[in-house]
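If you read the sequence shown in my numbering, its first letter stands for residue 1, the second for the next number, and so on.
The reader is advised that the hints may include incorrect statements.
Derived lysine-lysine pairs resembling DSS-like cross-links, with alpha carbons at most 30 Å apart [as the list claims (entries may be wrong)]:
id	residue 1	residue 2
1	LYS23	LYS39
2	LYS25	LYS52
3	LYS49	LYS66
4	LYS30	LYS66
5	LYS76	LYS49
6	LYS66	LYS25
7	LYS83	LYS131
8	LYS39	LYS83
9	LYS61	LYS39
10	LYS131	LYS166
What follows is a list of derived Cβ distance ranges for each label pair [to be verified]:
id	residue 1	residue 2	range
11	SER71	LEU40	41 to 47 Å
12	CYS136	PRO59	16 to 22 Å
13	LYS30	LYS134	55 to 61 Å
14	LYS86	LYS166	52 to 58 Å
Just so you know, the hints here were simulated from the structure itself, not pulled from any lab data.
C-beta: ideal position from N, C-alpha, C; glycine also.
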Amino acid sequence: MMTRLEVGILISLVILVFFFIVKSKLEDYKSRSTSAKPKLYAINLLEQKGYKFSGYCSPKKICFFKDNVKSEDLIKSVPIVKKDGKAFLVESMPKNRSLSLKDNFIKVKILKTITCYNDIDGIVFVETKNKYVKECTVDIRKDNQSYILRLAMLVLFVGIGFLIAKLVI
Numbered sequence: 001m002m003t004r005l006e007v008g009i010l011i012s013l014v015i016l017v018f019f020f021i022v023k024s025k026l027e028d029y030k031s032r033s034t035s036a037k038p039k040l041y042a043i044n045l046l047e048q049k050g051y052k053f054s055g056y057c058s059p060k061k062i063c064f065f066k067d068n069v070k071s072e073d074l075i076k077s078v079p080i081v082k083k084d085g086k087a088f089l090v091e092s093m094p095k096n097r098s099l100s101l102k103d104n105f106i107k108v109k110i111l112k113t114i115t116c117y118n119d120i121d122g123i124v125f126v127e128t129k130n131k132y133v134k135e136c137t138v139d140i141r142k143d144n145q146s147y148i149l150r151l152a153m154l155v156l157f158v159g160i161g162f163l164i165a166k167l168v169i
């Protein structure tokens with residue numbers, strides 16, 4: 001049988017755990033509601049600059065290698081705007097980051113999003129503090145090495161085919 005002290009400690013532990021669960025849920029709710037405000041402000045700013053809001057893209061999970069280690073990253077749903085028939089993803093920059101394409105953080109963000117969404121022509125970076133908009137289009141060039149390898153394989157198989165045909169006849 002449990003004593004009153006043990007029951008009191010057990011009830012206080014249950015109340016404490018319940019308090020922390022409710023507190024974490026409230027913090028998540030507040031962070032979600034405040035995280036949407038900069039994106040809405042960025043979309044409104046882009047509409048003033050001549051872009052048209054077209055919707056949100058679905059979140060995607062990507063896998064990549066970094067320092068010979070497999071890494072996974074989740075790209076959140078991002079708003080899409082259109083201008084002159086081209087579709088752009090909207091990235092709102094935090095106030096403490098400058099908008100420079102020499103920054104590695106921005107380069108990695110561009111590469112991750114462009115490789116995930118093939119039908120997107122580029123990314124629009126919006127700095128909401130200074131109302132600055134920078135459009136970034138990326139042209140990804142494929143390496144010719146795969147074409148050379150395919151051509152070499154084709155020549156090899158055609159040569160083997162001719163050898164077999166010559167031996168049979």
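**OP:** Check each numbered hint from earlier against the structure, then list the numbers of those it violates in ascending order.
**Re:** Result: hints 2, 3, 4, 6, 10, 11 and 13 break, sorted rising.
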